[in-house]
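Number of protein chains: 2
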Amino acid sequence: MARLYHVPLSPFCRKVRLTLAEKKIECELVEERYWEQSPDFLRRNPAGKVPVLKIDGKTLAESTPICEWLDETHPEPALIPQEPDARYEVRRLVAWFDDKFHNEVTSKLLYERVNKKMMKQGFPDSGNVKSGARAIKYHLDYMAWLLDRRRWLAGDVMTLADFTAAAHLSALDYISDVDWNRSDVLKDWYAKIKSRPAFRSILADQVPGFPPPAHYADLDF
Amino acid sequence: MARLYHVPLSPFCRKVRLTLAEKKIECELVEERYWEQSPDFLRRNPAGKVPVLKIDGKTLAESTPICEWLDETHPEPALIPQEPDARYEVRRLVAWFDDKFHNEVTSKLLYERVNKKMMKQGFPDSGNVKSGARAIKYHLDYMAWLLDRRRWLAGDVMTLADFTAAAHLSALDYISDVDWNRSDVLKDWYAKIKSRPAFRSILADQVPGFPPPAHYADLDF
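Residue numbers (this note's numbering), protein chains in the order written: chain A, 1 to 221; chain B, 1 to 221.
Chain A with its partners taken away, still in its complex shape (with noise of 0.2 Å):
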């Protein structure tokens, strides 16, 4: 069976997680105290991050290279499209997401509040926490204008792009850090997803020391 090496509130293990369930491969879950760099740790991934993924006698590191490799291992159903004008659009959003949501809110709202608490690390800089609580504003929107032109995030059919998305927004909303009355089709969205039987590990996930609201694991939010 696969492993996964992965931390529950990471969006890039999310990710990973999504795409292995929606795949239906089944996969053994270890979490990964990666911030302890232990030897056995760096010999899996140089890099020192998690998701690791066991599988097949490999070891992959990279939450996106995983996710191409998956998608082309295991191409059903399909989470990248095979024209390249609308692979160019899903890997824009994914990128997007990963990098640029990923510095602005993701790192000034979960690493500040969780991660430093878990790490060690001291206490949430509030400078960073108002800054990101003002930047998830705007991605909300952007997100909102693009789901009124599609019916999901990159096309007219759900992406590696959706599942990018919804890991970094599940994981704040674990946190109570997302506004779903913000938009009504960005709710309708995230409830396409959240129903999905491959959200369902992802709903269960427990972090010692930070209990998830009520909403956070219902359907009907």
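The reader is advised that the hints may include incorrect statements.
Which copy? The list can't say, so a pair holds if one copy fits it or any two copies do.
Listed below are the simulated DSS-like cross-link pairs for lysine-lysine, each with C-alpha atoms no more than 27 Å apart in a straight line [what the hints assert, rightly or not]:
| id | residue 1 | residue 2 |
| --- | --- | --- |
| 1 | Lys117 | Lys137 |
| 2 | Lys58 | Lys100 |
| 3 | Lys117 | Lys100 |
| 4 | Lys116 | Lys130 |
| 5 | Lys24 | Lys54 |
| 6 | Lys100 | Lys120 |
| 7 | Lys116 | Lys100 |
| 8 | Lys130 | Lys120 |
| 9 | Lys137 | Lys187 |
| 10 | Lys187 | Lys24 |
| 11 | Lys54 | Lys23 |
Everything labelled a hint here was simulated from the structure, so no lab data went into it.
Keeping the supplied structure of chain A fixed, place chain B upon it in accordance with the hints.
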């Protein structure tokens, strides 16, 4: 003709320039002072970053998605191989350089020494510069370790992984931050890349206020 909005020393722009040139796609280069965030520029790319490529009536952003699109729409010569495991290794290394190497080295040396001055953001932080100078040694050793086992970074053919690494190293070489005497195999690899016609425009770059050292454009460095 295609048009690329870029900054000469940006490794992300250089990766796209190398890909365009290797595929013999004619392209006009337009320097973009992206940090001034002009409304025109933000209209082209709401992420407010370079590179931005205008081609075939489309406006594309995000360097890796651009290069994947170029490789799919202009397949000769291929910069990403066909087989999934080989594709994974290329993408893993592209992510290694654009994420880990970028965070640990490029941002600590190039951005401190050059970008800060260009953007009028003050003086280099000596702690960052020291940290970057220390980290680049480990990265060069990792590259040498790979090149002891393979002809090119991701395998036996030249790929986007080599261009990505060369994009970062060439920008650092412009400010004399690469010790080419650290490894013969690495120096040979860079000599091979540097002598490709696709590299010419990069070796001709001149940044006002930062004259390149004599060895920068020298094929026999």
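When no copy is named, should Lys24 and Lys54 be tagged within, between, both, or neither for a Cα gap of at most 27 Å? within (16 Å within a copy, 39 Å between copies)
How would you label the pair Lys117, Lys137 (within, between, both, or neither) given a Cα cut-off of 27 Å? Intra 25 Å, inter 32 Å, cutoff 27 Å: intra-copy only.
Taking 27 Å as the upper bound on the Cα-Cα distance, should Lys130 and Lys120 be classified as within, between, both, or neither? For Lys130 and Lys120, the Cα distance is within 27 Å both inside one copy (21 Å) and across copies (26 Å).
Within, between, both or neither, where Lys116 and Lys130 count as close if Cα-Cα is 27 Å or less: Result: close both inside a copy and across copies, 16 Å intra and 25 Å inter.
Tell me, please, which holds for Lys187 and Lys24 at an alpha-carbon limit of 27 Å: within, between, both or neither? Answer is within; shortest intra-copy Cα gap is 26 Å, inter-copy 45 Å.
For Lys54 and Lys23, with the copy left unspecified, which applies at a CA distance of at most 27 Å: within, between, both, or neither? Cα proximity of Lys54 and Lys23: one copy only (16 Å, versus 35 Å across).
Is it within, between, both, or neither for Lys137 and Lys187, if the alpha carbons may be no more than 27 Å apart? within (14 Å within a copy, 48 Å between copies)
Which holds for Lys100 with Lys120 at a C-alpha limit of 27 Å: within a copy, between copies, both or neither? both (26 Å within a copy, 23 Å between copies)
For Lys117 vs Lys100, is the C-alpha pair at or below 27 Å within one copy, between two copies, both, or neither? both (24 Å within a copy, 24 Å between copies)
Intra- versus inter-copy proximity for Lys100 and Lys116 (alpha-carbon distance at most 27 Å): Both: 21 Å inside a chain and 20 Å across chains, each within 27 Å.
Checking an output row: Lys58 and Lys100, CA cutoff 27 Å. Within, between, both or neither? Intra 30 Å, inter 21 Å, cutoff 27 Å: inter-copy only.
Every hint, counting from the list given before, is met by this structure.
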